[in-house]
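Residue strings, one per chain:
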Amino acid sequence: MSPEEFQVVELRIPNKPEYVSVARLTLSGIASRMNFSYDEVEDLKIAIAEACTNAIQHAYGEDKGTEEEVIIRYLINPQKLIIEVQDKGRGFDPDIIGKGPPGLDTEGGLGIFLIKALVDEVKFKVNKEGGTQVQMIKYRKE
Amino acid sequence: MNLKVELVKRERVPPFINLEGEIDVYTSPKLKEKILELIDGGEVSFVVNLERVTYIDSTGLGVLIGALKRTREKRGSLYLIYSNPRLKRIFEITGLDKNFSIYNNEKELLEHLKKEGS
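Protein chains in written order, with the numbering used here: chain A, 1 to 142; chain B, 143 to 260.
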């Protein structure tokens, strides 16, 4: 498989807090199968939960629990695992949050801070038609 | 995927909130509810025992930060118990280990409280 070819697993979860654990469990299965270490799998579980929580809590805001869904894509190849979390909510500006060091007064940005700390690369894309995509990349060590 | 929340009150020690399971966006409101119940009931100091917690993310940390602020406002204390390396890692990455009073186990905390009280 070339570095830019991927096997894809897609998961759609309802926009509800109780489904975030399903995204974590799926991640756990995929990352373990890719031979990521226990600590790497646990780090990724937190990163994906933060992205899903963000999609549910911030992106949809007051519309929490509406019929909208969160789409999670796991792109797998021998070099890396890419995780994309896509919502159709109002979107947010990732530059504003999670910049400063976390502390007692920045609890709002803690999730984004953790994502940045726990994966190798993270990109935020705001779609013109609404919604945000968080893309997280974790490389496999040789 | 669940979180068990148990409140234990004993004489001469602050109330313990014993937790077991995972603290995430779904389960953290249960913890928040219990903490608010204690604060509304007039408790200014209490213990959150995370010894049997296997997972915590920013939602759980947010609840603990809120609890810490509330106890400080009332000149009380919030004590945390954990020794799980995963929890240690998350508290260290976020720098929050510097803000909380953390003990490895119940025995260590009780010894500290005894010294403080004497």
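One or more of the hints may lead you astray.
Straight-line alpha carbon distances no greater than 25 Å define the calculated DSS-like cross-link-like pairs of lysine-lysine that follow [unchecked claim]:
{"#": "1", "chain 1": "A", "residue 1": "Lys80", "chain 2": "A", "residue 2": "Lys16"}
{"#": "2", "chain 1": "B", "residue 1": "Lys230", "chain 2": "A", "residue 2": "Lys141"}
{"#": "3", "chain 1": "B", "residue 1": "Lys240", "chain 2": "B", "residue 2": "Lys216"}
{"#": "4", "chain 1": "B", "residue 1": "Lys230", "chain 2": "B", "residue 2": "Lys176"}
{"#": "5", "chain 1": "B", "residue 1": "Lys172", "chain 2": "A", "residue 2": "Lys16"}
{"#": "6", "chain 1": "B", "residue 1": "Lys211", "chain 2": "B", "residue 2": "Lys151"}
{"#": "7", "chain 1": "B", "residue 1": "Lys216", "chain 2": "B", "residue 2": "Lys172"}
{"#": "8", "chain 1": "A", "residue 1": "Lys16", "chain 2": "B", "residue 2": "Lys176"}
{"#": "9", "chain 1": "A", "residue 1": "Lys141", "chain 2": "A", "residue 2": "Lys116"}
{"#": "10", "chain 1": "B", "residue 1": "Lys146", "chain 2": "A", "residue 2": "Lys16"}
{"#": "11", "chain 1": "B", "residue 1": "Lys256", "chain 2": "B", "residue 2": "Lys172"}
{"#": "12", "chain 1": "B", "residue 1": "Lys240", "chain 2": "B", "residue 2": "Lys174"}
{"#": "13", "chain 1": "A", "residue 1": "Lys88", "chain 2": "A", "residue 2": "Lys123"}
{"#": "14", "chain 1": "B", "residue 1": "Lys256", "chain 2": "B", "residue 2": "Lys146"}
{"#": "15", "chain 1": "B", "residue 1": "Lys256", "chain 2": "B", "residue 2": "Lys151"}
{"#": "16", "chain 1": "B", "residue 1": "Lys176", "chain 2": "A", "residue 2": "Lys116"}
{"#": "17", "chain 1": "B", "residue 1": "Lys257", "chain 2": "B", "residue 2": "Lys174"}
{"#": "18", "chain 1": "B", "residue 1": "Lys240", "chain 2": "A", "residue 2": "Lys116"}
{"#": "19", "chain 1": "B", "residue 1": "Lys256", "chain 2": "B", "residue 2": "Lys240"}
{"#": "20", "chain 1": "A", "residue 1": "Lys80", "chain 2": "A", "residue 2": "Lys116"}
{"#": "21", "chain 1": "A", "residue 1": "Lys16", "chain 2": "B", "residue 2": "Lys216"}
These stretches of chain B come out as covered by chain A in the derived footprint (C-beta under 8 Å, 3 or more residues) [claimed, not checked]:
{"#": "22", "region": "161-172"}
{"#": "23", "region": "190-203"}
{"#": "24", "region": "228-239"}
Away from chain A, derived, C-beta distances all over 12 Å, residues of chain B [claimed, not checked]:
{"#": "25", "residue": "Val147"}
{"#": "26", "residue": "Val155"}
{"#": "27", "residue": "Pro156"}
{"#": "28", "residue": "Glu185"}
{"#": "29", "residue": "Arg217"}
{"#": "30", "residue": "Leu252"}
{"#": "31", "residue": "Lys256"}
Keep in mind that the hints were calculated from the coordinates and are not lab data. Just so you know, even glycine gets a beta-carbon here, dropped at the ideal spot from N, CA and C.
Evaluated hints:
1. A/Lys80 <-> A/Lys16: Violated, because 29 Å separates the two Cα atoms, which is more than 25 Å.
2. B/Lys230 <-> A/Lys141: holds (24 Å)
3. B/Lys240 <-> B/Lys216: Since the Cα atoms of B/Lys240 and B/Lys216 sit roughly 20 Å apart, the hinted pair holds (cutoff 25 Å).
4. B/Lys230 <-> B/Lys176: holds (23 Å)
5. B/Lys172 <-> A/Lys16: Satisfied, since the Cα-Cα distance of roughly 16 Å is no more than 25 Å.
6. B/Lys211 <-> B/Lys151: With a Cα-Cα distance of about 22 Å, the restraint between B/Lys211 and B/Lys151 holds, given a limit of 25 Å.
7. B/Lys216 <-> B/Lys172: holds (22 Å)
8. A/Lys16 <-> B/Lys176: holds (22 Å)
9. A/Lys141 <-> A/Lys116: Measuring from Cα to Cα gives roughly 18 Å; hence the hint holds.
10. B/Lys146 <-> A/Lys16: holds (20 Å)
11. B/Lys256 <-> B/Lys172: violated (30 Å)
12. B/Lys240 <-> B/Lys174: holds (22 Å)
13. A/Lys88 <-> A/Lys123: holds (17 Å)
14. B/Lys256 <-> B/Lys146: violated (28 Å)
15. B/Lys256 <-> B/Lys151: holds (17 Å)
16. B/Lys176 <-> A/Lys116: With a Cα-Cα distance of about 31 Å, the restraint between B/Lys176 and A/Lys116 is violated, given a limit of 25 Å.
17. B/Lys257 <-> B/Lys174: Distance of about 30 Å is beyond 25 Å: violated.
18. B/Lys240 <-> A/Lys116: Holds, at about 20 Å.
19. B/Lys256 <-> B/Lys240: holds (22 Å)
20. A/Lys80 <-> A/Lys116: This hinted pair holds, its Cα atoms lying about 17 Å apart.
21. A/Lys16 <-> B/Lys216: Judged against 25 Å, a Cα distance of about 35 Å means the pair is violated.
22. 161-172: holds (count 4)
23. 190-203: Since 5 is at least three, the answer is holds.
24. 228-239: holds (count 7)
25. Val147: holds (16 Å)
26. Val155: holds (26 Å)
27. Pro156: holds (21 Å)
28. Glu185: holds (21 Å)
29. Arg217: holds (16 Å)
30. Leu252: holds (27 Å)
31. Lys256: Answer for B/Lys256: holds, closest chain A Cβ roughly 28 Å.
Against the hints set out earlier in the document, violations occur for numbers 1, 11, 14, 16, 17, 21.
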